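Protein chains: 2
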Amino acid sequence: MSGFEFLRGLRTEATTKIVLMVLDGIGGLPQTPDGKTELETAATPNLDALAARSSLGLTDPIGPGITPGSGPGHLALFGYDPLQYVIGRGVLEALGIAFPLEDHDLAARGNFCTVDAAGNLLDRRAGRIPTTECARLCAMLRQITLPGVQVFVEPVQDYRFVLVLRGAGLSSDLSETDPQRLGVPPLPAHPLAPEAAPTADLINEFVAQAQVILAGQHPANMLMLRGFSRHPQIPSFAQAYGLRPAAIAVYPMYRGLARLVGMDLVEPLGKTPADEFATLAAGWQDHDFFYVHIKGTDSAGEDGDFARKVSVVEEVDRALPALLALNPDVLMIGGDHSTPAVLKAHSWHPVPFLLYSRTCRPDAAAGFGERACAQGSLGRFPACLAMTLALAHAGRLTKFGA
Amino acid sequence: MSGFEFLRGLRTEATTKIVLMVLDGIGGLPQTPDGKTELETAATPNLDALAARSSLGLTDPIGPGITPGSGPGHLALFGYDPLQYVIGRGVLEALGIAFPLEDHDLAARGNFCTVDAAGNLLDRRAGRIPTTECARLCAMLRQITLPGVQVFVEPVQDYRFVLVLRGAGLSSDLSETDPQRLGVPPLPAHPLAPEAAPTADLINEFVAQAQVILAGQHPANMLMLRGFSRHPQIPSFAQAYGLRPAAIAVYPMYRGLARLVGMDLVEPLGKTPADEFATLAAGWQDHDFFYVHIKGTDSAGEDGDFARKVSVVEEVDRALPALLALNPDVLMIGGDHSTPAVLKAHSWHPVPFLLYSRTCRPDAAAGFGERACAQGSLGRFPACLAMTLALAHAGRLTKFGA
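Keeping their order, the protein sequence lines are chains Y and F.
The C-terminal residue of the first sequence carries number 402 in my numbering, and the numbering is unbroken.
The C-terminal residue of the second sequence carries number 804 in my numbering, and the numbering is unbroken.
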């Protein structure tokens with residue numbers, strides 16, 4: 001019995017509203033062993049007052065010691081076991097540019113590269129051509145036609161692009177064409193299962209046509225394909241929870257992840273947290289679940305900018321009263337992973353989590369921070385259990401057993 | 403997907419060094435309800451200062467309420483699910499005397515016993531003969547030869563010995579020969595699977611020859627065999643983690659457990675914690691993972707000697723600066739189980755755990771003890787996840803998903 005089936009069996013009707021605010025990469029580290037983290041440093045009177053009335057905890061998106069990418073980190077918060085619902089690299093790349101992937105699409109990451117006259121690799125990244133050049137080459141490749149499938153070629157950044165094939169019977173069980181070293185030609189795609197042979201033929205035909213089209217170009221006179229993956233078969237939020245979810249996110253990757261689980265994308269009224277909360281208020285009647293994504297915390301962490309990460313948290317705090325004024329039945333504030341500024345990268349550290357509702361058992365914490373959350377009554381728990389907590393506090397789950 | 407396969411997929415190269423110090427049986431209990439545990443009682447300025455800069459938690463070696471033996475307790479800390487990688491009794495007994503078990507060896511625990519003229523059991527432990535007598539009898543039994551296999555008979559303690567058969571196709575699917583009651587003869591070994599029949603024949607032939615050899619001895623004129631088990635098929639540390647591990651342990655059981663997972667055994671320069679840390683320093687360049695075993699905490703606990711367990715902890719604390727001076731990238735201090743002096747035995751209580759690294763999130767604890775660990779941000783977690791944490795903090799794992 002899957003977790004979703006179990007929850008479906010307990011589901012009961014309610015008109016309550018749930019908000020999940022994801023402060024991307026919110027978990028941090030102090031700059032010195034006796035210092036405070038970014039979240040602990042930020043002056044956050046509104047978050048602190050909320051924390052005092054909330055239950056706190058620390059989430060593990062994947063598991064202790066495992067650093068999550070944005071995809072699995074979000075799927076976990078959405079309640080999907082990230083080891084069961086694996087999103088392939090090609091699909092993630094497509095989500096990242098908000099490509100409208102359909103159910104049976106096959107996606108791959110593409111690299112433009114440079115080969116010599118004999119076809120051997122000279123540069124696996126084609127001198128890191130600019131994105132404008134990448135877009136020009138992608139437009140040229142759109143003249144490629146393949147039997148029985150639609151072909152989409154979309155630029156991503158620099159030398160990277162996405163290839164999507166749309167049609168029946170496509171398989172992702174293919175070997176990659178990047179040999180991962182220079183002086184040899186790109187590899188053909190091999191089927192890794194018998195039923196993948198027709199798809200391998202299509203991919204190799206695509207590459208053959210591309211080679212002719214790119215032959216006169218320099219330095220990007222060839223391409224390689226990796227991360228073949230299919231749109232994951234994933235239950236929607238409506239199927240899993242009986243919720244009508246909306247996503248308010250500025251960045252394409254997060255809008256793509258939200259669409260993956262069947263959320264309605266709401267166009268943000270602007271890029272600031274205040275704008276996103278205003279968007280939430282404007283659409284408050286139309287949905288009963290709201291995912292609000294704040295990107296700035298992660299960007300600052302990735303840049304190693306401790307002070308900016310602090311100031312993004314403070315900006316969220318200043319805007320928070322507008323969200324609280326909507327009086328959500330359940331408000332969860334968490335993160336998809338940690339991005340400590342001192343590490344300039346995603347990390348494996350557990351992530352601060354807050355749940356407020358009228359039915360929560362308040363921890364009476366002095367504030368919202370890593371150490372307060374480590375003391376919280378929610379304990380340290382897998383992020384993919386957060387949605388079950390939310391449904392419970394939203395009065396959407398009945399008793400198990402009599 | 404097993405844990406080891408998952409970790410292998412995330413592995414990345416690093417030159418960092420990890421130390422796992424096992425304070426055997428470190429978890430304790432207070433002598434009165436309002437008292438302190440052994441670890442909390444000990445004056446440990448160095449451990450306390452380290453704890454302030456570390457992340458703390460409590461480990462469950464097997465699971466809540468389950469008292470671990472030394473074998474599963476250690477396997478868990480080494481990252482091996484102790485319910486998946488089960489070490490049989492015979493193998494454990496062989497490890498305990500540092501018998502150099504090979505991959506396909508079959509091991510059994512032996513008891514010398516006393517039978518009457520009709521062959522019925524009078525004493526299942528042969529009057530608890532001294533170890534010297536046990537050794538003399540084992541030497542006599544070494545004249546036994548069996549077709550196609552090598553036979554090893556090694557004394558353990560008192561009436562207990564180890565039998566090891568070495569050869570191809572041996573099976574451990576055998577019933578035990580100890581009837582567990584008096585007045586009846588020892589049982590023949592029965593095959594519990596068809597392919598075990600030849601091994602059962604070998605064992606019964608061994609017992610028949612032994613009966614003849616022991617016939618004139620008193621009181622140990624017969625033997626019984628239990629816990630038939632094979633060397634477990636277990637991934638090595640190198641395979642599981644890509645680490646070059648060294649073990650610094652004084653007692654044979656722990657050296658045997660370390661060899662089981664492919665650690666290099668380093669001869670300790672002496673028996674004290676200070677000697678073991680000096681051994682660590684001497685071999686610091688040769689490995690990237692170091693298991694250091696401190697036995698005294700467990701011995702004192704088993705003896706019910708609260709004060710001595712406290713003083714062993716204090717001895718470790720005094721020696722600790724020599725270990726810290728090596729500046730390990732990751733230092734974990736934990737235990738394979740609890741051995742509260744008030745219980746004079748291993749127990750099921752969760753075990754204090756400390757992880758220090760430059761990338762840890764310090765809990766700012768006032769000291770290293772059971773209650774401080776219960777407040778720690780690592781929470782209460784299965785001991786077999788500790789190695790994943792270590793690899794993460796050692797920069798040896800990449801991100802999962804993009």
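Derived by calculation from the structure, the hints in this document are not laboratory data.
These figures come from a predicted structure and were not determined experimentally.
Where is the CB? At the ideal position from N, CA and C, for every residue including glycine.
A couple of the hints might just be wrong.
[Said to hold, decoys possible] Covered stretches of chain Y (in silico footprint by chain F; criterion: 3 or more residues with CB under 8 angstroms from a CB of chain F, positions within the stretch not fixed):
id, region
1, 61 to 72
2, 259 to 268
3, 303 to 311
[Unchecked claim] Using 30 angstroms as the maximum straight-line C-alpha spacing, the simulated DSS-like pairs for lysine-lysine come out as follows:
id, chain 1, residue 1, chain 2, residue 2
4, F, K419, F, K673
5, Y, K344, Y, K36
6, Y, K344, Y, K271
7, F, K801, F, K438
8, F, K801, F, K419
9, Y, K36, F, K673
10, Y, K271, Y, K36
11, F, K746, F, K419
12, Y, K344, F, K673
13, Y, K344, F, K801
14, Y, K17, Y, K344
15, Y, K36, F, K746
16, Y, K36, Y, K399
17, F, K746, F, K801
18, Y, K271, F, K438
Against the earlier hints, flag every one the structure doesn't satisfy and list their numbers going up. Violated hints (numbers, rising): 2, 3, 7, 9, 11, 12, 14, 15, 16, 17, 18; every other hint is consistent with the structure.
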